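> Keeping their order, the protein sequence lines are chains A and B. Plus 303 on top of the position in the first sequence (first one is 1) and you've got the numbering used here. Plus 303 on top of the position in the second sequence (first one is 1) and you've got the numbering used here.
Please note: incorrect hints may appear among the correct ones.
The list cannot tell twin chains apart, which means a pair is met if one copy fits it or any two copies do.
Stated by the list, open to error - Listed below are the simulated DSS-like cross-link pairs for lysine-lysine, each with C-alpha atoms no more than 27 Å apart in a straight line:
(1) K601 to K444
(2) K528 to K444
(3) K329 to K601
(4) K360 to K446
(5) K489 to K444
(6) K528 to K360
(7) K329 to K634
(8) K360 to K507
(9) K469 to K384
(10) K390 to K407
(11) K508 to K595
(12) K444 to K329
(13) K508 to K360
(14) K595 to K386
(15) K316 to K507
(16) K601 to K469
(17) K360 to K595
(18) K342 to K386
(19) K316 to K489
(20) K316 to K508
(21) K444 to K634
If you're looking for bench data, these hints aren't it; they were derived computationally from the structure. Quantities reported herein were computed from a predicted structural model and do not represent experimental measurements.
Number of protein chains: 2
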Amino acid sequence: MNSRQIVLASRPKGLPGYENFRFENKVLADIIEDEVLLKASFISVDPYMRGRMNDVKSYASSFQVDQPIAGGVIAEVIDSKSKSFAKSDFVLGNLPWATYSIEKGENLRKIDTSVAPASYYLGILGMPGLTAYFGIMDIGKPKTGETVLISGAAGAVGLVAGQIAKLQGAYVVGIAGSDEKCNLIKEQFSFDDAINYNTSRILKKSIAAACPNGVDIYFDNVGGKITDAAILNLNFHSRIVLCGQISLYNNTEIPVGPAILPRLLTRSVMLQGFIVSNYSNRFNQGLEYLAKWLGEGKLKYTETIISGFDNLPEAFLGLFSGINKGKMIVKI
Amino acid sequence: MNSRQIVLASRPKGLPGYENFRFENKVLADIIEDEVLLKASFISVDPYMRGRMNDVKSYASSFQVDQPIAGGVIAEVIDSKSKSFAKSDFVLGNLPWATYSIEKGENLRKIDTSVAPASYYLGILGMPGLTAYFGIMDIGKPKTGETVLISGAAGAVGLVAGQIAKLQGAYVVGIAGSDEKCNLIKEQFSFDDAINYNTSRILKKSIAAACPNGVDIYFDNVGGKITDAAILNLNFHSRIVLCGQISLYNNTEIPVGPAILPRLLTRSVMLQGFIVSNYSNRFNQGLEYLAKWLGEGKLKYTETIISGFDNLPEAFLGLFSGINKGKMIVKI
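So that you can see chain A by itself, here it is in the shape it has in the complex:
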């Protein structure tokens, strides 16, 4: 079986470019006992993957140069020597960016496409949805009437986090990078207000105006100047759900900014950095709620789907210019 795959051609310095990716052909061996042959259906591109391109120890292991990029993939079982999977099953796995791949059955999870479209398992019923769920429910813990401010609000995690906060009775304000995104989150995703950070003159004041009672929970997906402005609006005993720092992922030097600790001290702020795998023993609980709310229409969902295996690098790079609304997915 011939497969096409994308390897890390070189480690990016700063913003990645097409030169960091290389397409290759690969001939797959025959599957053996316990293995399945997979055909990729949807491949996920996620901001955290930028960190894996660096040669730095972090929570996710580094990609190796000349080895395939890998991440969340929904694939169809083409052939199986695993008792757990049959032909035509759809599975979720951490798989290479490849049109076809071979994986042991134990590393795959079957998905139920009668509950939701397959691609949803890379988004609202997958890692981003769980990230939003545990970030809001376990760290932020909004009480009725509290104000929740979300950066990257129109992204895969932000869109879900804001809606979950609304379901808890919070007043939810999103920060996004265009009027189109701001309108989207207000009109279709039930956010109470939205701030376009690209047109705000003084973001600190725009946040203060949109959050007249101050900010009780700041769900941070972006970091940098947006977060510096958010921190100036935090209430006493507020919480920061530290989920992402996409605005800093491409910095080549350690970014410098105002010291935030004096403010966090005087306001008795709690901050919790987290990665979704911290909650892996409770994924079932999270997925149960997400599927229930989705089925009841209490959570809405959108994704930006780019078609074609060859467009994977473009889709990934687009995360850093914010071309996506909701989860970015590549349909193979």
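Position chain B against the provided structure of chain A, taking the given hints into account.
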């Protein structure tokens, strides 16, 4: 009755100086029902008071220009029209920097000088001791064998925090500003190791060497560059007990430093800013433990006592150059 008092002559810009204080004479009225006449015995000088000299809303109200500085004071009751207090009682109160003062009984707490010397109620059995107790026990929560790193380790809070962490079975490393302080905390206060930040060439590496298993809890009293170096040594799932930022209190502009959030994110760090009054409904519990440990010899204590009401400004200013070992107290 004639009293001498110290008022805020002007708001300091940056490091305070003697010019910000003015001594005045004041004639006290006769006490009326429920009031007591007090003679100051020990007056506390504390880093947080620097913030009260600014005209900025914070957790503690601002001092007013031409009005007395005020803070923790141990005083002897000279005359009483309160049913709760008798002559010769010793009391703790938030009182003006004055040789004599009048206060309502309801604002005073009687202290038991048979349990510990009166001055201890401004330190290990007072606000700094409670700060250390709740910071370690409620926020840091050290487990046996974890590494606790404490900045400002030879200060009023740090000395107690380190010893409480030791009682919980932690490996405790202190950061202080002189070899004398480092020797003190190791030899007399049971710290496992100490780092002199003034002689360390690369503080990040000194911390790494002193904390071979990384840092599980960072108890921060100082902020700034010391904290930047500490954060680079934090373990996964570590905690920051955000207690003080004395190195930044005299900054006239917002201090700038490396962005810390990316590191707190990838290490899943929890940070909690706090002020001791957040735990006011549990002060009795904290004081019970502190008194018990002190009585059993499990907590040791030291204070730097400066004599003379006229030396109050000098003692306060000395906090920022670190002349004190343990709690700084002025004996009147």
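> Now, for every hint given, state plainly whether the structure supports it.
Verification of the hints:
| no. | hint | in the structure |
| --- | --- | --- |
| 1 | K601 to K444 | within (18 Å within a copy, 38 Å between copies) |
| 2 | K528 to K444 | within (25 Å within a copy, 32 Å between copies) |
| 3 | K329 to K601 | neither (44 Å within a copy, 67 Å between copies) |
| 4 | K360 to K446 | between (37 Å within a copy, 25 Å between copies) |
| 5 | K489 to K444 | within (22 Å within a copy, 41 Å between copies) |
| 6 | K528 to K360 | both (26 Å within a copy, 23 Å between copies) |
| 7 | K329 to K634 | within (20 Å within a copy, 81 Å between copies) |
| 8 | K360 to K507 | between (34 Å within a copy, 17 Å between copies) |
| 9 | K469 to K384 | neither (46 Å within a copy, 56 Å between copies) |
| 10 | K390 to K407 | within (14 Å within a copy, 83 Å between copies) |
| 11 | K508 to K595 | neither (38 Å within a copy, 50 Å between copies) |
| 12 | K444 to K329 | neither (48 Å within a copy, 52 Å between copies) |
| 13 | K508 to K360 | between (38 Å within a copy, 17 Å between copies) |
| 14 | K595 to K386 | neither (30 Å within a copy, 63 Å between copies) |
| 15 | K316 to K507 | between (31 Å within a copy, 25 Å between copies) |
| 16 | K601 to K469 | within (10 Å within a copy, 50 Å between copies) |
| 17 | K360 to K595 | neither (37 Å within a copy, 45 Å between copies) |
| 18 | K342 to K386 | within (18 Å within a copy, 85 Å between copies) |
| 19 | K316 to K489 | neither (36 Å within a copy, 45 Å between copies) |
| 20 | K316 to K508 | between (34 Å within a copy, 26 Å between copies) |
| 21 | K444 to K634 | neither (35 Å within a copy, 47 Å between copies) |
Checked against the numbered hints given earlier, this structure breaks hints 3, 9, 11, 12, 14, 17, 19, 21; the rest are met.
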